[in-house]
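K.L.:
So the protein lines, in turn, are chains A and Z.
One point on numbering: in this note's numbering, the residue at position 265 of the first sequence is 265, and numbering is uninterrupted.
One point on numbering: in this note's numbering, the residue at position 86 of the second sequence is 1086, and numbering is uninterrupted.
It is worth saying that the hints were derived from the structure and are not from the lab.
Think of the CB as a built atom: it goes at the ideal place given N, C-alpha and C, for glycine as much as any other residue.
Any given hint could be a false lead.
Which residues of chain Z face chain A? A few of them, derived with a C-beta cut under 8 Å, are [to be verified]:
#: 1; residue: 1001
#: 2; residue: 1002
#: 3; residue: 1061
#: 4; residue: 1103
#: 5; residue: 1130
#: 6; residue: 1131
#: 7; residue: 1133
#: 8; residue: 1247
#: 9; residue: 1262
#: 10; residue: 1266
#: 11; residue: 1267
#: 12; residue: 1293
#: 13; residue: 1370
#: 14; residue: 1373
Calculated cross-link-like contacts (lysine to any residue; reagent style SDA-like; alpha-carbon spacing at most 20 Å) [said to hold, decoys possible]:
#: 15; chain 1: Z; residue 1: 1023; chain 2: A; residue 2: 135
#: 16; chain 1: A; residue 1: 23; chain 2: Z; residue 2: 1193
#: 17; chain 1: Z; residue 1: 1023; chain 2: A; residue 2: 134
#: 18; chain 1: Z; residue 1: 1023; chain 2: A; residue 2: 368
#: 19; chain 1: A; residue 1: 23; chain 2: Z; residue 2: 1136
#: 20; chain 1: A; residue 1: 23; chain 2: Z; residue 2: 1023
#: 21; chain 1: Z; residue 1: 1023; chain 2: A; residue 2: 136
#: 22; chain 1: A; residue 1: 23; chain 2: Z; residue 2: 1369
#: 23; chain 1: Z; residue 1: 1023; chain 2: A; residue 2: 369
Protein chains: 2
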Amino acid sequence: MREVAIAGVGMTSFGKFLDRSLKELAAESIGNALKDAGIGTGDVQAAFSGNSMAGIITGQESVRGQTVLVPLGIRGIPVFNVENACATSSSALHLAWMTVASGSADIALAFGMEKLYHQERERSFRALAAAADIESDTLSDGGSPFMEMYAEQVRGYMKESEATARDFAEISVKNREHAALNPYAQFRDPITAEQVLESPMIADPLTRLMCSPIGDGSAAVVLVRADAAPDAVRIAASMVRSGGGVSERESVSSLARAAYEMAGLSPADVHVAEVHDAASPAELLAYEDLGFCAPGQGAEYLRSGATRLGGERPVNPSGGLVSRGHPVGATGVAQIVELVWQLRGEAGERQVDGAGVALAENAGGNVGHDAAAVAIHILRAP
Amino acid sequence: MREVAIAGVGMTSFGKFLDRSLKELAAESIGNALKDAGIGTGDVQAAFSGNSMAGIITGQESVRGQTVLVPLGIRGIPVFNVENACATSSSALHLAWMTVASGSADIALAFGMEKLYHQERERSFRALAAAADIESDTLSDGGSPFMEMYAEQVRGYMKESEATARDFAEISVKNREHAALNPYAQFRDPITAEQVLESPMIADPLTRLMCSPIGDGSAAVVLVRADAAPDAVRIAASMVRSGGGVSERESVSSLARAAYEMAGLSPADVHVAEVHDAASPAELLAYEDLGFCAPGQGAEYLRSGATRLGGERPVNPSGGLVSRGHPVGATGVAQIVELVWQLRGEAGERQVDGAGVALAENAGGNVGHDAAAVAIHILRAP
């Protein structure tokens, strides 16, 4: 397998864009990524399109990527439509990575796009619910099971650790501070821990300001063979796995170990990370599962300030899912876009000084007791 | 890239199964494929799930493959949900092939599943329409544009060749004769050319008995590294490409040339083929585009009897899309299942004697003037 580099990245702002189509959003992110890579539409040799919910929300299924790519003139190449709930575009990225790594193509595009806002809010909720088994009992009330699932996990964690609801609120506050420095973020106004704790309860202990919002957006990356791009960020590890651990946390930690091994790196080498904080407490659990701190020490690690911009290992400098936003199918690649900017020193006011190794963790969906998909990518500066 | 073999195949009968879920259908085909390969669920190292229309028809999106695989105990591996309209499961197969060929896994599962029948027929039609750009003008009447698109192509072909509506009817008759010998086929009762020509006109010159039906079903294959399965059918070429030719026909013919080159074979080497007769005349065009006869000679080739069972190169021995059935996301892998049976000499009454090389052509969707995806696989006996 050949080494693969990321030659170009692009994304849209994340937010509520009722007047912009999936096509428009994706065209913007893809255009930015191609321009950043210095290539034209005719140079792309394979494309992987990630979208999780348009079948239900917009009614476009089957050929979602082609509806974006053909009008842009990206034609006559293999195009694959990929779906894996919140890990959708990480999955597209992994397959694009495999395509270049295996020598099947020299230049591949991976992008994610999602419109979750719809005039009929019921559609958005129905689509989100479809990231679990719609025939299962957990959905008998017709609602989305996810925040309740997260809440149950968090309540268990609180019993066996010293983490408190205030810690979770502080994660929201920290990430909002990061988002305030990110022009692509959906929510940028500062918030206080009190505001987070006093916002409406969604599923105890998760308040609204601890939960990722509905959002629209798109993100894209151009992958090339590394030997053709000596100055581009490298993909040191790319792994996707459906659950199957005894718990979702074990799924993440075992996949992280495999990714570190693939990269020849350890948690201590990671300077900056984007993690899947679909609800804020998940970030604290991720510190432990990714090996940034010892098991059970997540709250202490947070309180140390290590994961804040200016700390030893900033986490979610983009603002994360709760503040940067979480248009499901776009999130995985958006994490990568942020980390490439960090590794290039192009992250502006939220730049992590001296970032040389970065990790992205993206997880999505739930079937039975399994995370439907977990993706971990490790990137390094050239 | 390593050579890849097909160690196991399985499928359900195709038909109308309002009382069977996608999960049940897929579990049957996957179970059959694993049993055929002599492996257990724990042996599968990566899985690619193909489904094109469940988001609209059943409401299950995002994690369709996992909803099938987790209950079967296939967990803790990479799972990808893949979609490419009628070429959906061929696309899943191609990515599974790449996974084994690249050394990312030694054993990979690819399957397709589709339920097109629904109590609300409107859902089925809306889902089929989503295999084109739903924002395009061709869909302004709210219907499916595909049979009209095919008909327009066929009318143009009739002007520049000697093919007649009777030829197209004879294709339906031939393939129904094949389907009569296939216990997995959706329609098995003999029909005459008169019956085909007198069945209701869908889009001139396509009558109902020239058009593929709505259907439900699933098909699955297990891929392994060839050196581990010396007696298994080989994948000599695996190619997927979105359109981009000046016409869809040029897209097919150029991809076929690339596939023959990859396999080191020529059209003359092909003993048996399954081709994408979404409407019967497409089979006749495929004879030309795949190089089985010269351009413009499709009708003559058909009339020679070459493509009938017992002829020099039987085409669609399964009955093809019109008679075997066309549950969209299952069709591509079902073609492969049929061809593996043919290459093993396990096709029963419809066995093509001495079949050593087989070709599958699968095409899907339409965006702009492009086929959204065309897939060609060439298989050979070990």
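K.L.:
Now look at each hint and say whether the structure bears it out.
P.N.:
Here is how each hint holds up against the structure:
no.: 1; hint: 1001; in the structure: holds (6 Å)
no.: 2; hint: 1002; in the structure: violated (10 Å)
no.: 3; hint: 1061; in the structure: holds (4 Å)
no.: 4; hint: 1103; in the structure: holds (7 Å)
no.: 5; hint: 1130; in the structure: holds (4 Å)
no.: 6; hint: 1131; in the structure: holds (4 Å)
no.: 7; hint: 1133; in the structure: holds (4 Å)
no.: 8; hint: 1247; in the structure: violated (12 Å)
no.: 9; hint: 1262; in the structure: violated (11 Å)
no.: 10; hint: 1266; in the structure: violated (23 Å)
no.: 11; hint: 1267; in the structure: violated (22 Å)
no.: 12; hint: 1293; in the structure: violated (25 Å)
no.: 13; hint: 1370; in the structure: holds (6 Å)
no.: 14; hint: 1373; in the structure: holds (7 Å)
no.: 15; hint: Z:1023 <-> A:135; in the structure: holds (10 Å)
no.: 16; hint: A:23 <-> Z:1193; in the structure: violated (45 Å)
no.: 17; hint: Z:1023 <-> A:134; in the structure: holds (12 Å)
no.: 18; hint: Z:1023 <-> A:368; in the structure: holds (14 Å)
no.: 19; hint: A:23 <-> Z:1136; in the structure: holds (12 Å)
no.: 20; hint: A:23 <-> Z:1023; in the structure: violated (32 Å)
no.: 21; hint: Z:1023 <-> A:136; in the structure: holds (12 Å)
no.: 22; hint: A:23 <-> Z:1369; in the structure: holds (17 Å)
no.: 23; hint: Z:1023 <-> A:369; in the structure: holds (17 Å)
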